[in-house]
Amino acid sequence: MKILITILFSSIIFLTSCDKQQDDPNAPECYKQMKQRYDKQLGCSKKGEMEVNLYRGLYQGKEIYFPMTMCPSCNTVAPAEGYTCEGEKIAIEDFNRQVTAIKEVYNSCTRKFAY
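Residue numbers (UniProt numbering): 1 to 115.
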C-alpha cells in the first residue's frame, strides 16, 4: 500500500510540473510583465495558421507592446491599443502607417520569448 501511495504521489507531482510553463529567466522584465498582462489574449491554435503573439513596436516615439493575430487566411484587425513598460495605455491610430520597427516578443506556439 505504501508503494502504491508513493507511486501515485510521484505521478501527480510529475504531471503537474509538466503543465506549468517556466518563464525564461533571461527574458527582460518588461517582456515578462507584458506577457502576463496579455496572457488571456495570447494563444495558438495551429502554428502558421492561427496564433496570437506578443509584439513590440515604436509609436509616436514610445516603445509599446501589443498582441497581434497572425492568421494568413483571416481578415484581422490591427491592434487598437498597446502599453508601455511603465504601464501607460496608448491608443493607436493608423497602426499600419504609424507603428514601426515591429518585432515579436513572445511566440504563443513555441511558448518562448524572442530577444
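By construction, these hints were calculated from the structure, which means they are not laboratory data. Bear in mind the structure is a predicted one, so any value in this text is a computation, not a measurement. Each hint should be verified, as a subset may be incorrect.
Said to hold, decoys possible - Derived PhoX-like pairs (lysine-lysine); straight-line CA-CA distance at most 25 Å:
#1 K89 to K46
#2 K32 to K89
#3 K40 to K112
#4 K103 to K62
#5 K62 to K47
#6 K32 to K103
#7 K89 to K47
#8 K89 to K62
#9 K47 to K112
Cross-check of the supplied hints:
1. K89 to K46: 30 Å, violated
2. K32 to K89: 17 Å, holds
3. K40 to K112: 16 Å, holds
4. K103 to K62: Status holds; Cα separation ~14 Å.
5. K62 to K47: 30 Å, violated
6. K32 to K103: Holds, because 15 Å separates the two Cα atoms, which is no more than 25 Å.
7. K89 to K47: 29 Å, violated
8. K89 to K62: This hinted pair holds, its Cα atoms lying about 11 Å apart.
9. K47 to K112: 13 Å, holds
Checked against the numbered hints above, the structure breaks hints 1, 5, 7 and satisfies the rest.
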